[in-house]
Amino acid sequence: MNSKEAVIRTERVTKIYDSGEVQVEALKGIDLIINPGELVAIMGASGSGKSTMLNILGCLDYPSAGDYFLDGIHVNDLDRDQLADIRNRKIGFVFQGFNLLARTTAFENVELPLLYSRRADSGDPVQLTRQALERVGLAERAHHYPNQLSGGQQQRVAIARALVNQPAIVLADEPTGNLDTRTSIEIMATFQELNRQGITIILVTHEHDIAAYCHRIIEFRDGKIIRDQALPHPHAAGQDLETGRWKTAAGQGAPS
Amino acid sequence: MKWKNLIKVAFKSIVKNKMRTLLTMLGIIIGVAAVIVMVAIGKGAEQRIQNQIASMGTNLIMVFPGSMQQRGVHMGPDQGVRLTLDDADKVKKNSTLLDAVSPVVRTGVQVIGGSGNWSTAVWGGSEEYLKIRDWKMSSGEFFSAADVRAQNKVCVIGQTIVKNLFANEDPIGQQLRLRNVPFKVIGVLKERGQSAFGQDQDDVIIAPYSTVYYRLSGEPHINQILARAASLDQMTQAQAEITTIMREAHKIQEGQDDDFTVRNQTDIASTAEETTKVLTILLASIASISLLVGGIGIMNIMLVSVTERTHEIGIRMAIGARSRDILVQFLIEAIVLSLSGGLIGVLIGFIATYIVHLATEWNTVIAPANVILSFGFAGAVGVFFGYYPARKASSLNPIEALRYE
Chain A
2 MNSKEAVIRT
12 ERVTKIYDSG
22 EVQVEALKGI
32 DLIINPGELV
42 AIMGASGSGK
52 STMLNILGCL
62 DYPSAGDYFL
72 DGIHVNDLDR
82 DQLADIRNRK
92 IGFVFQGFNL
102 LARTTAFENV
112 ELPLLYSRRA
122 DSGDPVQLTR
132 QALERVGLAE
142 RAHHYPNQLS
152 GGQQQRVAIA
162 RALVNQPAIV
172 LADEPTGNLD
182 TRTSIEIMAT
192 FQELNRQGIT
202 IILVTHEHDI
212 AAYCHRIIEF
222 RDGKIIRDQA
232 LPHPHAAGQD
242 LETGRWKTAA
252 GQGAPS
Chain B
11 MKWKNLIKVA
21 FKSIVKNKMR
31 TLLTMLGIII
41 GVAAVIVMVA
51 IGKGAEQRIQ
61 NQIASMGTNL
71 IMVFPGSMQQ
81 RGVHMGPDQG
91 VRLTLDDADK
101 VKKNSTLLDA
111 VSPVVRTGVQ
121 VIGGSGNWST
131 AVWGGSEEYL
141 KIRDWKMSSG
151 EFFSAADVRA
161 QNKVCVIGQT
171 IVKNLFANED
181 PIGQQLRLRN
191 VPFKVIGVLK
201 ERGQSAFGQD
211 QDDVIIAPYS
221 TVYYRLSGEP
231 HINQILARAA
241 SLDQMTQAQA
251 EITTIMREAH
261 KIQEGQDDDF
271 TVRNQTDIAS
281 TAEETTKVLT
291 ILLASIASIS
301 LLVGGIGIMN
311 IMLVSVTERT
321 HEIGIRMAIG
331 ARSRDILVQF
341 LIEAIVLSLS
351 GGLIGVLIGF
361 IATYIVHLAT
371 EWNTVIAPAN
381 VILSFGFAGA
391 VGVFFGYYPA
401 RKASSLNPIE
411 ALRYE
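Residue numbers (our numbering), protein chains in the order written: chain A, 2 to 257; chain B, 11 to 415.
None of these hints come from the bench; they were simulated from the model.
Honestly, I wouldn't trust all of these hints.
[Unchecked claim] The calculated lysine-lysine pairs, modelled on BS3-like cross-linking and capped at a C-alpha distance of 30 Å, are:
no., chain 1, residue 1, chain 2, residue 2
1, A, K91, B, K103
2, B, K28, B, K14
3, A, K91, B, K22
4, B, K200, B, K163
5, B, K18, A, K91
6, A, K91, B, K14
7, B, K26, B, K402
Model the full structure from these sequences, guided by the hints.
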């Protein structure tokens, strides 16, 4: 793998949902390049195609046409099992609803991708799991169950799970959608910290003040990219938490 | 995914949901336990009957009057050909494969003696009668060849006679009046209980055949001839030999049917065994149905569980589980459920069998083969009924599964 190559490169990717009578074109020829180390926000209203794009980027779905290269791999050519392996090795998912397994400890949740790993050289699972939990600051909560953790803690367990296999990219689908403002900014602080350590992160959100913590904002509408803008000076989430500036930030965030 | 990990994942999932696990296993537990108890009862009955038949004397060969077509039916006084003392003598003299022969003369009598009277049958036999039937004495002695020759009025009685006539005294040396003929009791037989066919084997009086024949029966024929083959391996040859001797004695031409029947214990035993085998099969098949129902229970709960766990399956797929991983996980879950259900079922089956044994005093036999079979069947049920739900789980679309709430 060439480190200078884009992590994600799509060429004229389209997606058509065919329900028999009606054909819905969810994506209309998307060209997108995301380089290593980026922190990208994908925005758009519902129905804009951003979720479809995320499914394709996450190797959960195939494009109807066009090419998708993830970390240099031509995803179109892969079968279902190879796609599963790519998800396991290259992609870490973070979801809006956390999606942790119930009645399963934080440690076991984070360990799960390692159990499905087919790599022989993946290292000691216990060690890797512990490291991932440390990175999100939850080492001491390893043996708590999801229902014993706050929403923010659950989301950070999910982030640890996304990181444990050292993926090329972390895909977060509305990661702050179920969280209050302060916790949202804490999660963004975690993402910014991980990004500083070199992890490429793409997150889908419809909140502008969440997107404001990213380096680049891509906006979808009607299956097309209508805006692709770099933010030279994104907000620093850690700093906002210290200064309390988030309380007066635009749009939302009444102080508790 | 490595096998070790797959098993780990499956086990975690089972342990996580204890109630569901228990309910799923319940059907298999009951099924396996039922199979084990039922078969143990059936086998117990089988063994009991085999033992009883063996206790009738293993090498026993019986000669009855009458042709094959009328086997088992007692002939009226004017029908058919009789067996005579002469026939018994000829069998004894000419046979080479028999080590004991006795004519049997049976007659029903009213017995007076001891504390009252009793209606029973007197069996006249030779001094070898005891040996042929493989009976044992509890006290006193059996009559001798001299008693037979001299037509002595001596007899040996069974426990039922003792109970009814000599409840409070030692019967040895006492007198019994059989049809007004006084007999001296010289021995008492050991208790033998009921026969396989429900007869009281202790309600018996045995006397020298000569005495019964000449003094009591008053009929010019004997009821049967009993013989004992020298070796079990030569039963068939011994039977053939008796047949030849009897045909000669009765001057039966070649091509004509026998006017007597030669049977041995094996014939009777095989009939009885067949009956109890049918019983065992019947019990086992009833129990198997419950095992089958248990399997359907597993499928039912696994199917519900696939729906209930759709979201979980979606998560697993998103983080890299292949279809096969999901399939194998669900399959292992089903197999582990049914095997551990089977194991618990075996234990409960053992306990229940013991309780049945204590409560009813029935003979029960737990054959290792049946335990292994029902345990294996439980595992097979797990695979069979676990496959469809597992297949369903593994073919879910990850996006739809993730969206499912």
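| Proposed proximity, K163/B with K200/B (alpha carbon, max 30 Å) | Measuring from Cα to Cα gives roughly 21 Å; hence the hint holds.
| request: Take the C-alpha atoms of K91/A and K14/B, compute the straight-line distance between them, and say whether it is at most 30 Å. | output: holds (23 Å)
| Proposed proximity, K22/B with K91/A (alpha carbon, max 30 Å) | holds (26 Å)
| task | Given the hint that K26/B pairs with K402/B, test it: the Cα-Cα distance must not exceed 30 Å. | result | Distance ~21 Å between K26/B and K402/B Cα, so the pair holds.
| message | Against the 30 Å threshold, does the CA-CA distance of K91/A and K103/B hold or violate the hint? | response | Measuring from Cα to Cα gives roughly 99 Å; hence the hint is violated.
| query | Are K18/B and K91/A close enough, with their CA atoms no more than 30 Å apart? | reply | Status holds; Cα separation ~24 Å.
| request: Could you grab the alpha-carbon distance between K28/B and K14/B and see if it respects the 30 Å cut-off? | output: holds (22 Å)
Checked against the numbered hints given earlier, the structure breaks only hint 1 and satisfies all the rest.
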